[in-house]
Structure formats: C-alpha cells, structure tokens
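The hints should help you fit chain B onto chain A, whose structure is shown.
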Amino acid sequence: MSASELSKTHYAELITASNEHLMGGELPWLTSVREKAGEAFAGEGFPTPREEEWRYTNVSALEKNQFSLATQAGTVDADFLKQVLLDDCHHLVFVDGFYQAELSSLADLPEGVIVSALSDGLAAHEELIKSLLDSVIEAPDRGFINFNTALFSDGALIAIDENTNVDKPIQLAFIASSAAALSLSNVRNLIVAKAGSKASIIETFDACESNCYLSNVVSEVVVEPNANLQHSRVQEESSAAYHIAGVYTRLERNAIFAQYNYTFGASLSRAEIHANLGEAADCRLDGLYVGQDRQHMDNHTRVNHAQPHAISNESYKGVLADRSRGVFQGRIIVAEDAQKTDAKMSNRNLLLSDRAEADSKPQLEIYADDVKCAHGVTVGQLDEKAIFYLRSRGADEQTAKNMLTFAFANEMVEHISFKPLQMRVLDALLLRFPQAGMKKEWL
Amino acid sequence: MLKIENLHVSVEGKEILRGINLEINAGEVHAIMGPNGSGKSTLSYILAGREGYDITEGRVLFHGKDLLEMSVEERAWAGVFLAFQYPVEVPGVSNIYFLKAALNGIRKFNDLAELDAMDFIAMVKGKMKELDMDEKFLYRAVNEGFSGGEKKRNEILQMSVLEPSLCVLDETDSGLDIDALKIVSEGVNRLRDSSRAFILVTHYQRLLDYIKPDFVHVLAHGKVVKSGGPELALELEEKGYSWVDEKLAS
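Residue numbers (this note's numbering), protein chains in the order written: chain A, 86 to 528; chain B, 57 to 306.
Okay, chain A solo, but in the shape it has when bound (with noise of 0.2 Å):
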C-alpha cells in the first residue's frame, strides 16, 4: 500500500469516526451532505501533481504526516490576540477551528445583518445555511473542498441585509494556539451581500507557535445584484505549517467584489480564488505572496466570464528569497455569450536569489468575439544600477536592496483604504525587509 492510499484510508477513516462528533450532526440534510463529500473524498483523495491544476505543488508531505482532528480549541493569550485583532473592526474569532465567543465583539452592528460562528447560527438561520452551503463552487477538483465539507468544525456566517452598509470591516481571526501540533482544522465561511449592499470582510490566519498543521478553509460568497463586497485575506500561518484555501465567489448582476489576497505564511500554501460573474459585473482580484527560506506558495485564480460586459482586473505579484517557490496560475474564461467582456491579468515576480523559483501559467478560454482580454507575466531581479544608486548615497548593501524588494511589494499595499490593515500588512512586509533607521509611519 502506497504512503497516499495509507493516508487515504487514514483521513477516510477519520472521516467516518468523526461525522457524528461534527457541528450539526444531529441535522439529516447536514448529514447527508457530509457524508456525501466523505464519500467522494475516499475516492478521490487529496490531488496529486499528476492532475494538471496540481503540477506545481505536491501535498504528498501532508499525507505523510496524518494528522488529527482537533477537537476543542487550545488558549490563547491575550497579548498574542491584541496583535492579531485590527482596530476598528467587528471581531469573530475562531482558535484551532473553533469560534470562541468570549473573544469575539460584534456590538453595533446595522440592523438585519447576521454576523455569527456557523454553529451559534444553525438554530435561527438553519434554512440560510442550508441553502449557501456548497451552492457556489465550481471547481474541477475537489479533494479539499470535500474534505472540508466532510469535517467543517465551524466557520462564519455573515449575510448583509439588501440595501445596508456595514461600516466597520468585520474580521474573521483564524488562530492555531500552541495545541494546533500535528492537527488539522477545516473552517467553512458562508457569505451573502444582499442586494444592494456594502461590507469588507477580512480574514486572517496566524498561528502562537511555530508548529506543524493543517489548516483548510473554504469560503463561500455570494455578491447578489449592485452589491458591493471587499474581501481581504492574511495569511500569516506558522512556518511549518499548510494553509490550503478557497475563495468561491458568485457575482450576480453589477456585483463589485474585490479580493485582496496577501499570503506571508505557512510552509505550503494554496489559495484557490474562484470569480464567477454575472452581468456587468466588476471584479479586481489582487494578491501579493512573499516566500522565504524553503516556503512554497501557490494561488490560483480562476474567473468566469458567464455573461457580456463585466470587467475583471487581476494583479499579483511575488517577491521570492533563498529557496522559496511561488506558483501563479489564473484562468481567464470567456464564455460564448459573454461579450463585451474586459478582462486583465497580470503576475509579477521578483526573485532576489539564485535558488528561487517563479512558476506562472496564465490560461484564457475564450469563447466569444468581442472581448477585451489582457494578460502580462514577469519574472526578475533588482535592478544593479538601482542598487548601485542608492548605495552611493549611503544606504548599505541590504538596506538598498530592501528598499527597492519593499517598494515592488508596496504597490500592492499601498492603495489598501483600511489604514488598521494596511499597516498589519505593512507590519509583515517590513518584518521580512528592514530598512536601516527608517519607521513605518515616515513612509
């Protein structure tokens, strides 16, 4: 028996021991569904690089190590958790996969928005639940999103009323305590900005010790008509760990969502960000992933173009040092009645060593004729006559370099509106450049 069917077996198993443990198990459609996902995920697995979507990262290493179910939340101390909340936000904090009320605060919200943990949720909003779960994704595989079908121990779930603005971002805290250890949790997000709506939605992923385990997400939204949904991600998992991830998002008619995705974390990470738009609709995918050591980072983005006249702007950029790898693949999908459709992609890398890695493969399916699409891919190093300039000024050899690896990720920081996030995205960003002598908020 191969190390993979093992493993297979070995989650499987998992699977079928767990179910009844799980977050609404006493619910029969729940059930179902959960047992259905189980189901394929016994066939399936987890995907292999033999899989076209997969060539690029091989979560072999995951099988290998067989991780439990965490089961209860560990602690989580109050300064780690000051670190982690952003200022002027709503507050939903989960810890190992798990919503922890007492740290959490929703005062004030608008009237007719639901913002709760998935399972405090199930009693009132059963048929709401019911009818977001598993509605949005349309992904060719689905070994993670089945795995946390199967297991979910909890998750957000967030519905804007039609016609309201959320003024506050609400923050969605994933943490791993230092209980996290050789476990797996898995979180579903389900999300609906009713029509004519606004709100930001922010989720961030950090971790108290630098531990190995797996954390799965998977978020589902739903953007229905003139809403207007920003949704942000940080991901800043332990150093050893997995972070595998999915973004499924509807558009519906004259839907604007933007997604920013920033990714500094894990030992292995996969961020799957799915786009389907309606008509007319407006999409801006952004993300920005900075690898070191021997850290490997993979996003995925794919956008469908359903129906005519939606724009769709993609921008990602990787800054990559030592022996990390980043992989970029983004699909462009232009459906045969989708015309007047404007789409544009780009991915740029920056590889400050020898031994790093950018893999990018953008793909455009297009079906219709009268379409604007765009798409732009580099990869490079720092510029030696820059280097040279500012040295000659008096900046020394790291701190020249820094400046100018900082100011290629800053583009795609600087425009972020929310100054409590902006600046922890900042923070990240500088942790990993310093720049001699200089403060953050001189810049």
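These are calculated hints, taken from the structure and not from any lab test. Glycine included, each C-beta is placed from N, C-alpha and C at the ideal position. You may find that some hints are simply not true.
Claimed, not checked - Only some residues are given here: those of chain B computed to face chain A with a beta carbon under 7 Å: (1) G108; (2) G120; (3) M126; (4) V128; (5) E129; (6) A132; (7) W133; (8) A134; (9) V146; (10) G148; (11) V149; (12) G161; (13) I162; (14) L247; (15) R252.
As the list claims (entries may be wrong) - No more than 25 Å apart at the CA atoms, straight line, and that leaves these computed lysine-lysine pairs for DSS-like: (16) A:K470 x B:K185; (17) A:K279 x A:K215; (18) B:K282 x B:K59; (19) B:K238 x B:K192; (20) B:K192 x B:K181; (21) B:K164 x A:K486; (22) A:K149 x A:K167; (23) B:K121 x B:K185; (24) A:K504 x B:K192.
Relative to the frame of chain A, chain B by itself:
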C-alpha cells in the same frame, strides 16, 4: 583630501584610464574636461565605487585612506558624492524616504543621532526652495518620470542634504536649459566652502561660466594631458579638442 596616483583602469581587457595623477585639496574646485571616450565618466564611477572595472595599477587616497578598498556605501559615509550623469529612476521609493534613509545612513556612520522627522522635512523643504523645486517632488518616486533637468536638480538637492566633503559632478550640465543651469550652478556655489572640494566632469566649458574652477585638467586617451587655471577651459572652447590631439601628436 583626494590623491589619485598612477591610476590604470581597464574594462573587459581594454585600458580606459592610463595613469591618472591628480591631487585635490579641501576648498578647491577642479574641472576635468575631455572629449567623448577620454575616460571622464569612468573616473567618476571609479571614485564612487561602481563594479565592472579592473583597477590594474595605482591607488586613490581619500583623507589618507585607501578609497578603492571601501565599499560604495562606505565611500558615501566617508563623504564622497557622485552626481550622476544619468540619475537612476527608482520606482516605488519616494524621494523623501530615500533622502531620509541616505542621510540616516551617513549620520549613523558618523555617530550622529537620527534627525527628527519635522526638522528633517523643514530642512529639505528649505533646500528645495533654493533649487526652485516643487515640494510635490518629495512624495514622488525617486527620479521616476522626472525631466532631465528635474533629475539633475534632484541630484543637487541630495548633495545639499547629505553635505559630502568631495562632490563629483558628472556632466551635470548636460540636458539643462540656461535657467536650470543657473539654478543648479547656484546650488553648487552655495555648497562651496573651505572644507569641501569639487570635481566637475564636463565636456563643455559652459558650466564653468557659472561655477568657476580653480584648476582645469584636460583628459585625453585616459591621461591628463594638460593642467592649468580657468583660462585653459576658454582655450579649449576656442580651439576644440582636436587641438589637444595635435599637441599630443607633436
């Protein structure tokens, strides 16, 4: 302050400088003139520490220390400044941030405390006014999208903020209209004092109408072929560089 002794420099096996000797004291302004390809810019880059040159013979002493042993930034910390012929565009790094990083690097080396942010901005804004530069340049990326004249002014701004002891100006007059040339020259003249020396590398005499040199050296084929006072520049202007070649031949 600066002593260049028998400096020989090659690039990819081709000898560019063939035994340069120069001595520059504090308070002096030296002009180095010469035709294209004479090695003027190479000399500037050698002083600033650019890579890609083979120094096959000779030495350069700066305040008694071996300049050629110092890294690029060590030279800047010690007080060497090169105003580039083609200032480099640095996208994403704002001018103000760049100036601050540069000044702090130099101050740190000299065991001076960082300047307070408010004092720093006030100081820089004052110098910008003298150079007739709009304050908005502070918040733009270094040299990005600047016109030729704006780039040269920005070099002089950096020079006046960093206050080096040896200023090397490489073809600073190129690409400047007459008004900009005056402003830049005034900026340089303001910095002239008894503790500071200047090397003006230039093809044309024009700059020297505004910045009066104490000494003029003519560089040809990698050697200083003639040295003299300011009158030498005028002679060159009148007779052209072919005159130098003829003299060499005779």
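Please name the hints from earlier in the document that this structure breaks, with their numbers sorted from lowest to highest. Hints 1, 2, 3, 8, 14, 15, 16, 22, 23 are the ones this structure does not satisfy, whereas the remaining hints hold.
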